[in-house]
Every structure is written in structure tokens, then in C-alpha cells.
Amino acid sequence: MRIRKAHRRMSPRETLLEESSKWRQIRRKARKHAAEKERRRVTERSRARRSGPCRASAPRIDLRRRQEWRRPMKNLRNSLLCFSAGALWLAACARESEDAPVSPDPADIAAAREAASALGGRLKSRLVETIGESGPVAAIEVCNLEAPEIAEAISEETGMAVGRTALRWRNPDNAPDAFERAAMERFLAEIEAGADPAGLERAEIVTTAEGRQLRYMKPIMTGGPCVLCHGAAISEEVKAAIAARYPDDRATGFAPGEFRGAFTITKDLSP
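Under my numbering, the first residue of the sequence shown carries the number 1, and numbering increases by one thereafter.
Source of the hints: derived by calculation from the structure; they are not laboratory data.
As the structure is a prediction and not an experimental result, all values here were calculated from the model.
Each hint should be verified, as a subset may be incorrect.
To be verified - Below, in silico cross-link-like pairs of lysine to aspartate or glutamate (EDC-like), each with a Cα-Cα straight-line distance of 16 Å or less:
| hint | residue 1 | residue 2 |
| --- | --- | --- |
| 1 | K239 | E141 |
| 2 | K239 | D249 |
| 3 | K124 | E141 |
| 4 | K124 | E149 |
| 5 | K124 | D105 |
Said to hold, decoys possible - Quick list of simulated restraints, FRET-style, between CB atoms:
| hint | residue 1 | residue 2 | range |
| --- | --- | --- | --- |
| 6 | G135 | I205 | 41 to 47 Å |
| 7 | A243 | A209 | 26 to 32 Å |
| 8 | S103 | R245 | 40 to 46 Å |
| 9 | E156 | R186 | 14 to 20 Å |
| 10 | R126 | V206 | 39 to 45 Å |
| 11 | P247 | A110 | 35 to 41 Å |
| 12 | G194 | L145 | 35 to 41 Å |
Idealized CB from N, CA, C, for every residue including glycine.
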């Protein structure tokens with residue numbers, strides 16, 4: 001006699017596991033089917049490329065897709081290139097604006113020109129007066145003592161540093177700096193080329209350790225009274241007076257009308 005086994009009901013956990021196993025099998029079959037379908041599609045496309053008639057059409061689809069994908073990247077790249085070029089251009093413009101020479105204010109040039117004229121006028125008037133009253137030896141004393149005082153007074157009146165300088169100086173305190181030497185060498189070359197000294201001047205904005213400054217220079221020509229102390233033929237008495245006060249004198253041997261030096265004006269432009 002056959003004994004019939006009793007049917008055992010599965011627990012919920014076992015039921016869930018069985019259902020999960022079934023779904024895994026279904027998904028594996030679906031993935032396998034999709035893979036087979038993709039392989040067939042690739043194989044058919046490869047055959048179509050080799051066959052000829054559809055050879056041009058198949059890659060065209062891929063190329064179009066590739067172009068659609070690359071178009072945003074290309075736009076982004078172009079935007080970055082334009083931005084970089086613009087930044088470089090702005091930096092170059094800023095650098096050029098910093099390096100570009102700044103033209104002096106015409107009002108500052110006019111004030112410097114007036115200060116130079118004031119120094120020349122007052123000093124000449126005092127020298128002519130002294131030579132007429134006491135002779136050229138006394139005039140040397142004026143240049144030694146009074147000329148710096150006159151320059152200082154005009155500096156206080158104008159708010160600018162006013163003075164004189166020369167390539168061949170008498171007073172070492174009046175020796176030129178690099179800017180003054182370059183300006184006087186240019187004056188000398190232009191005068192030798194036939195330029196009118198009265199129309200020559202130099203005004204420039206320079207930057208130093210102290211800040212921005214206006215530098216102005218105007219030529220000084222040898223006048224009639226000047227040759228008494230700066231000419232080629234001066235008296236022994238004058239020579240002795242010059243040697244006593246300026247042992248390193250270089251400012252003799254000038255002829256009337258010859259370039260002798262320059263007025264030099266400096267105005268501080270820093271805030």
C-alpha cells in the first residue's frame with residue numbers, strides 16, 4: 001500500500017525567495033535576449049557597410065549623433081577661448097596704459113615756465129646791479145650766496161623745486177642728475193642743429209621712489225654780463241675769486257650766445 005505524502009505549505013519567506021528566483025531568471029533571459037539582439041544589429045550593420053549600397057548611410061547616422069554630442073562641447077570650448085582672449089586683451093591694455101607716457105598738465109607747464117623765468121629774471125637783475133656797483137668779483141659773491149636764496153624764495157612761492165644746472169657746472173651742488181643731463185644734451189644738439197633756444201623746453205612726467213613728478217627744463221644761454229665770470233678771457237682777480245670759492249670749477253670758456261646750462265623745475269604730483 002502506497003503511503004501518500006502530505007503536502008507541506010511554504011512559508012512566506014520561502015515564497016518570497018522562490019518569486020525572487022523566478023524574477024532573476026526572467027531578467028537574465030531578458031538581458032540575454034537584448035544582448036543577442038544587439039549582436040545581430042551590429043552584425044547586420046557590419047555586413048551593410050561591406051556590401052556597398054548602404055555603406056554611406058550607416059556611418060552617417062553615427063556621425064550625426066557624434067556631431068550632436070560634440071556641438072555643446074565645441075560651443076563651450078569656443079566660449080572659453082573667447083573669454084581667455086578677452087582677458088588677455090584687457091590685461092595687455094591695462095599694461096599699455098600703465099606704461100604709456102602721461103602728458104603733463106598745460107597749467108603745470110605754464111607754472112614751471114613762469115618759475116624758470118622768475119629765477120632767471122631776478123638773478124640777472126641782481127648780478128647786473130652788483131657788477132655795475134662793485135664789479136665782477138662781487139658778482140661771484142652774489143652767485144655763491146644770494147643765488148641759492150633767490151631760488152629757495154621762488155620755490156616757496158610756487159610750491160616747486162626751482163634751480164639751475166649745467167653740463168659744465170661751477171657749484172657741485174648744481175651737478176645734473178640723469179634726467180637733467182639727458183635734457184641738456186638734447187638742447188645742445190638741437191641748438192647746434194640750428195634750433196632757436198628761446199623755443200626749447202622739456203616737460204615730462206616721471207615716476208621716482210618719491211612718487212610722480214613733473215620735470216621741466218629751459219635752456220640758459222650765455223649773456224653779455226655772464227662772460228665776465230664765465231668767458232674765455234677773465235681777469236686774474238676774477239680767476240682767484242673763483243678758485244677760492246669753487247676749486248673744481250668747470251664753467252669757464254663760454255662765448256656770448258653759447259648754451260651754458262638750464263633752469264630745472266620739479267613739481268611733486270603725488271597726492
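Outcome for the supplied range 40 to 46 Å, where the beta carbon pair is S103 and R245
Since the Cβ atoms of S103 and R245 sit about 41 Å apart, the hinted range of 40 to 46 Å holds.
Run the distance test for K239 versus E141: straight-line Cα separation, threshold 16 Å.
13 Å, holds
Hint check: K124 vs E149, CA-CA at most 16 Å. Holds or violated?
Measuring from Cα to Cα gives roughly 14 Å; hence the hint holds.
Please check whether P247 and A110 have a Cβ separation lying inside 35 to 41 Å.
Holds: the Cβ-Cβ distance is about 39 Å, inside 35 to 41 Å.
Taking the CB of G135 and the CB of I205, does the distance hold inside 41 to 47 Å?
44 Å, holds
Do the beta carbons of A243 and A209 sit within 26 to 32 Å of each other?
37 Å, violated
Taking 39 to 45 Å as the hint, is the beta-carbon distance of R126 and V206 inside that range?
31 Å, violated
Starting from the hint 35 to 41 Å, judge whether the C-beta atoms of G194 and L145 obey it.
38 Å, holds
Cβ separation of E156 and R186, checked against the hinted range 14 to 20 Å:
At 30 Å between Cβs, range violated.
Keeping to a limit of 16 Å between CA atoms, is the pair of K124 and D105 held or broken?
29 Å, violated
Hinted pair, alpha-carbon criterion (16 Å max): K239, D249. Please report holds or violated.
10 Å, holds
Holds or violated: K124 with E141, Cα cutoff 16 Å?
Satisfied, since the Cα-Cα distance of roughly 14 Å is no more than 16 Å.
The earlier numbered hints that this structure contradicts are 5, 7, 9 and 10.
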